[in-house]
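Peer 1: This is what each chain is made of:
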Amino acid sequence: MIPQEARAIARYILHADPGEKEIALYGQALARLRIPSDDKLSGLALRHPVLLPYLDSGLAVLEPEHPLRHRIYVMLAILETSPSYARYFLHAPNRWWPLKLMWSGFSASLTSVIGVCIVGLISRRHAPRT
Amino acid sequence: MPQEHDFIVVGSGPSGAMAAQTLVEAGADTAMLDVGFQDLSYQDNIPDRDFISLRKEDSEQHEYFLGKQFEGISLGKIKTGPQLTPPRRFVVEGVEKWTPTVSSSFEPLQSLAYGGLGGAWGLACFTFSSIELKEAGLDETEMRAAYQTVTDRIGISGARDDGTPYCMRELNNIQPPTRLENSMELICSRYSKHAGSLHRKGFFVGRTALALLTEDLGARKATQYYDMDFWTNAGKSAYRPDVTIDVLKQNPYFIYYDKCLVIRFSETTNGIRVVVRRVDTDQEEIYVCKKLILAAGTLGTARVVIRSFDYTVDKLPILCNNYCYFPCLQPGMLGKKADDRKVSYGQLALFYDKNGSGIDVATVMLYTYRSLLSFRLAKELPFGFADNARLLSQIYPSLVIAGLHHPERSSQNKYIQLIRDDSSPTGDKLLAEYEQSVGEMSDDHARERQIKKALRKLGCFPLKRVHPGYGASIHYGGTMPFSTSNDPMTVSPSGRLGGTNNVFVADGSGFRYLPAKGPTLTLMANAHLVAVHALNGISL
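Those protein sequence lines, which keep their order, are chains A and B.
In this text, residue positions in the first sequence follow the working numbering: the first is 1, and each later residue adds one.
In this text, residue positions in the second sequence follow the working numbering: the first is 1, and each later residue adds one.
None of these hints come from the bench; they were simulated from the model.
Here a beta-carbon is modelled for each residue, glycine too, at the ideal position from N, C-alpha and C.
Incorrect hints may have been included.
[Stated by the list, open to error] Derived SDA-like pairs (lysine to any residue); straight-line CA-CA distance at most 20 Å: (1) B:LYS77 <-> A:GLY27; (2) B:LYS68 <-> A:PRO64; (3) B:LYS337 <-> A:ALA92; (4) A:LYS100 <-> B:LYS464; (5) B:LYS56 <-> A:LEU33; (6) B:LYS77 <-> A:ALA8; (7) B:LYS68 <-> A:ALA92; (8) B:LYS56 <-> A:ILE35; (9) B:LYS336 <-> A:ARG32; (10) B:LYS464 <-> A:ARG32; (11) B:LYS336 <-> A:ARG11; (12) B:LYS464 <-> A:ALA92; (13) B:LYS464 <-> A:GLY105; (14) B:LYS77 <-> A:PRO93; (15) B:LYS56 <-> A:ALA16; (16) B:LYS77 <-> A:PRO36; (17) B:LYS337 <-> A:GLU65; (18) B:LYS68 <-> A:ARG11; (19) B:LYS337 <-> A:PRO93; (20) A:LYS40 <-> A:ALA24; (21) B:LYS337 <-> A:ALA16.
[Stated by the list, open to error] Chain B regions said to be covered by chain A (calculated; three or more residues, Cβ under 8 Å): (22) 335–347; (23) 462–470.
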């Protein structure tokens with residue numbers, strides 16, 4: 001489960017596969033930091049990784065400390081501190097930066113709006129009936 | 001048999017180190033009692049290279065950047081001490097067990113480390129102005145000389161500019177300033193353009209004086225601009241108190257006892273008896289001296305003194321500068337590359353001297369952000385982590401962190417109490433409460449509004465306000481205010497603890513006022529003076 005989860009999250013963050021070392025570190029970090037993995041949203045995200053961007057963005061607004069977000073955060077930290085992925089995190093000047101920045105901002109905002117709707121819907125569906 | 005010495009200094013932080021050095025240089029038999037936790041895991045494992053090349057090449061960088069136990073990945077909200085990277089975690093080791101503190105409103109940072117909180121000091125050096133010294137209860141003439149003594153000992157680099165009246169004043173023997181990175185140069189250029197209007201509103205920008213060498217000093221080397229200052233201290237270019245203690249250990253007049261948590265003292269006609277609990281064996285030991293200098297930090301010293309007076313004290317006032325920071329966007333740096341080689345410390349400071357009086361001046365330290373890694377900042381942006389990381393990789397050279405301290409005076413809703421607790425290894429715990437008055441909060445907010453305007457004029461646009469909680473400034477004082485009354489729980493102008501003959505306090509406990517600037521240089525200068533006063537009347 002851990003390797004599958006690590007690959008899904010790394011592909012979401014960087015569109016790249018993690019190496020065996022990063023996967024191992026991910027498993028160790030989850031155990032050490034005692035991040036739970038039995039929530040419904042996390043299960044859904046792993047069965048349907050295409051939902052990860054929206055769940056992450058939606059939870060960033062609605063529940064920033066959700067365990068799924070913690071696991072993505074851990075993977076982000078591991079990828080950033082691996083020389084194989086340094087280029088994704090270190091700034092490289094680009095003459096198209098205004099367009100890239102505008103697109104990044106627009107895309108992030110749109111994903112966030114969709115994510116809030118999806119997370120809200122899922123939460124309502126799974127809320128205890130009164 | 002108890003160990004006997006002429007002087008005992010408690011604590012190895014900035015105050016303890018300076019006091020001990022003064023005593024030893026005078027030829028006094030000096031012992032230092034200290035818990036002294038050290039970093040045994042990281043210091044030898046971080047390569048002596050710059051941040052960018054390590055990021056691109058070191059396959060084991062996760063060990064120190066994230067921690068061997070992933071202790072560098074902090075889940076949850078921002079707390080006090082984000083600059084406590086894994087190699088610096090030793091600064092707070094053992095604190096929860098040996099110095100338990102309970103509070104719903106105040107989260108102080110305490111240390112039992114070798115070098116104390118000095119191990120995580122941001123190196124910014126500020127002298128107090130004449131009026132600030134007076135408000136704090138310090139003698140100006142003595143302090144001016146003491147500041148110079150400390151400057152000569154530790155090595156300070158800086159420049160003479162509009163900020164000089166607020167940080168360096170008459171200090172001599174200053175090394176050249178650090179090389180200014182490009183984003184800070186841009187701020188300086190904006191400042192030059194708007195200097196007139198900023199000055200009229202009370203704003204001044206200057207290069208921060210830093211306890212960082214730009215020229216070699218003895219065995220210590222000049223900084224190499226590796227931007228690894230939050231992780232290592234290559235060449236000991238940054239002054240940390242352990243630099244002083246390491247040298248003192250070579251001196252026959254000095255002996256360092258570690259693993260010693262000082263619990264209490266008692267003064268008799270035969271000397272001062274100091275009771276210690278060893279943190280390794282939990283055994284009690286006794287040390288005896290003619291004169292005792294307490295430099296365990298404001299909170300540490302308060303614990304020792306309250307116990308020594310048999311808990312007859314109720315509440316003690318506490319001073320702590322209120323602190324917040326503003327992550328800012330600097331549009332002038334968008335699309336530009338940050339300098340690869342730089343220092344991690346704040347290189348510029350913005351001073352807000354509203355009335356031009358030199359009192360209640362707010363200080364804003366300006367930092368760029370890179371070497372603490374962007375994943376930590378990705379938590380603070382409002383989008384998903386992938387989007388946050390992508391945005392940060394594009395904009396982080398244009399991020400400036402503006403860290404703001406407010407001045408602090410005593411008030412009745414800010415206090416500490418030491419209450420008995422049998423579950424604690426020391427038999428007690430510290431209760432702390434901190435509540436600002438409506439007037440104080442209003443003043444702080446008004447100040448922040450003006451400062452944000454000034455930041456915008458300097459080309460830095462605040463994105464949000466982050467308040468890490470009271471206690472986060474890590475500037476503490478005022479528990480035993482300076483007084484000539486000789487009452488218990490006061491400190492005389494010479495540093496002598498009220499109600500005693502030969503017990504001195506060399507940390508910030510006596511300060512009646514905390515200006516909105518780092519107090520470390522002033523603490524060290526005061527500690528030197530206290531040691532000088534303590535030397536009076538003792539034959540060596």
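Peer 1: Looking back at the numbered hints, which does the structure fail to meet, lowest number first?
Peer 2: 1, 2, 4, 5, 6, 7, 8, 9, 10, 11, 12, 14, 17, 18, 20, 21, 23
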